[in-house]
Amino acid sequence: ETGVTQTPRHLVMGMTNKKSLKCEQHLGHNAMYWYKQSAKKPLELMFVYNFKEQTENNSVPSRFSPECPNSSHLFLHLHTLQPEDSALYLCASSQDPTSGQETQYFGPGTRLLVL
Amino acid sequence: AQSVTQPDIHITVSEGASLELRCNYSYGATPYLFWYVQSPGQGLQLLLKYFSGDTLVQGIKGFEAEFKRSQSSFNLRKPSVHWSDAAEYFCAVVPAPSGNTGKLIFGQGTTLQVKP
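As you go down the protein sequences, you meet chains R and W in turn. Position one of the first sequence corresponds to residue 14 (my numbering), numbered consecutively onward. Position one of the second sequence corresponds to residue 39 (my numbering), numbered consecutively onward.
Keep in mind that the hints were calculated from the coordinates and are not lab data. Hints are not guaranteed to be accurate.
Below are the SDA-like pairs computed for lysine to any residue, each with C-alpha atoms no more than 20 Å apart in a straight line [said to hold, decoys possible]: (1) Lys54(R) - Asp46(W); (2) Lys54(R) - Ser41(W); (3) Lys141(W) - Ser112(R); (4) Lys49(R) - Gln44(W); (5) Lys53(R) - Gln151(W); (6) Lys99(W) - Thr15(R); (7) Lys99(W) - Gln109(W); (8) Lys54(R) - Tyr63(W); (9) Lys53(R) - Lys106(W); (10) Lys99(W) - Thr116(R); (11) Lys54(R) - Ser64(W).
Generate coordinates for the entire structure from the input sequences, incorporating the hints supplied.
Below, the structure is given as C-alpha cells:
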C-alpha cells in the first residue's frame with residue numbers, strides 16, 4: 014500500500030464510450046501525475062499537476078482530458094478512444110516536482126481495454 | 039538524442055545468485071537517476087536514487103546501484119537474489135538541474151525471472 018489508490022482497477026470500453034479514471038493520494042503531496050504503460054514501450058508521462066495547476070502536457074491527444082480539483086484527487090476523462098489506447102494507466106504523486114529529486118509514489122494502475 | 043537505455047529486456051537468474059541490471063543514459067549533464075521496481079499487478083516502487091556524492095547508493099530490499107560517470111551508467115546490483123525479486127525493473131532519469139516539472143524519463147524495463 015503506497016497511499017495512492019486508483020479506481021477502477023480494470024475497465025473495458027467501446028470507442029464511443031465516455032469513462033473516467035480516478036486517482037486519490039493520501040500522502041499530503043502537492044503534485045500528481047498520469048502515466049501510460051503500454052506493452053513493449055517505456056512508461057510515458059502524460060500530465061503533471063502541481064498545486065492543482067497543470068505544469069506538463071506531454072503532447073497527449075485531446076481524447077484524454079485530465080482534471081485535478083484538489084491536490085488529493087486526479088481524474089482522467091476518456092472519450093472516443095482508439096484500440097491503441099489500451100494500456101495500464103498509472104497515477105503517481107510527489108511532494109514537490111520542481112526539485113527533480115522527489116520520489117514519486119505510484120498507484121496500482123487501471124488496466125484499460127478499448128474495443 | 040537524450041535517452042535512457044536498459045539493454046536487457048529479460049534476465050533469468052537462479053535464486054541465491056548475484057544480479058546486475060544495466061542502465062545507460064545519454065544526457066549532456068548528469069541527470070538525477072532512479073531505479074523503480076514493479077511487481078505483478080502493482081504500481082512502481084522506488085528502490086534507490088542518486089543525485090550526487092558517493093557513487094555507490096544503497097536502496098531497499100538489499101539492492102545497490104553504482105553511478106559511473108565515465109560510462110554514463112547506473113547499474114543495479116544485488117548479491118543474492120530471492121524468488122520474491124521476480125518483477126520488472128525500471129531505470130529512470132530526471133534531466134537535471136533546472137526547470138524541473140517532475141518529468142521522469144523511463145527506460146524500457148528489464149523483466150527479472152528467478153529460477154528455484
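Against the structure, the hints:
As the CA atoms of Lys54(R) and Asp46(W) are separated by approximately 14 Å, the hinted pair is consistent with the 20 Å bound. Between Lys54(R) and Ser41(W) the CA atoms are separated by roughly 13 Å; this keeps the pair inside 20 Å, and the hint holds. A hinted pair counts as satisfied when its Cα atoms are at most 20 Å apart, and Lys141(W) with Ser112(R) qualifies at roughly 11 Å. Pair hint Lys49(R) plus Gln44(W) holds up; C-alpha atoms about 19 Å apart against a cutoff of 20 Å.
For the given pair, Lys53(R) sits about 17 Å from Gln151(W) by alpha-carbon distance, which is consistent with the 20 Å threshold. Distance check on the hinted pair: Lys99(W) and Thr15(R) sit about 16 Å apart at the alpha-carbon level, within 20 Å; holds. With a C-alpha separation of about 26 Å, the suggested pairing of Lys99(W) with Gln109(W) is violated against the 20 Å cut-off. Note on Lys54(R) and Tyr63(W): the hinted pairing holds, with a Cα-Cα distance of about 17 Å set against a maximum of 20 Å.
Proposed proximity of Lys53(R) and Lys106(W) is contradicted: the alpha carbons are some 27 Å apart, above 20 Å. Among the hinted pairs, Lys99(W) with Thr116(R) is consistent with the structure: their alpha-carbon atoms are about 17 Å apart, no more than 20 Å. Simply put, Lys54(R) and Ser64(W) have alpha-carbon atoms about 18 Å apart, close enough for the 20 Å limit, and the pair holds.
Against the hints set out earlier in the document, violations occur for numbers 7 and 9.
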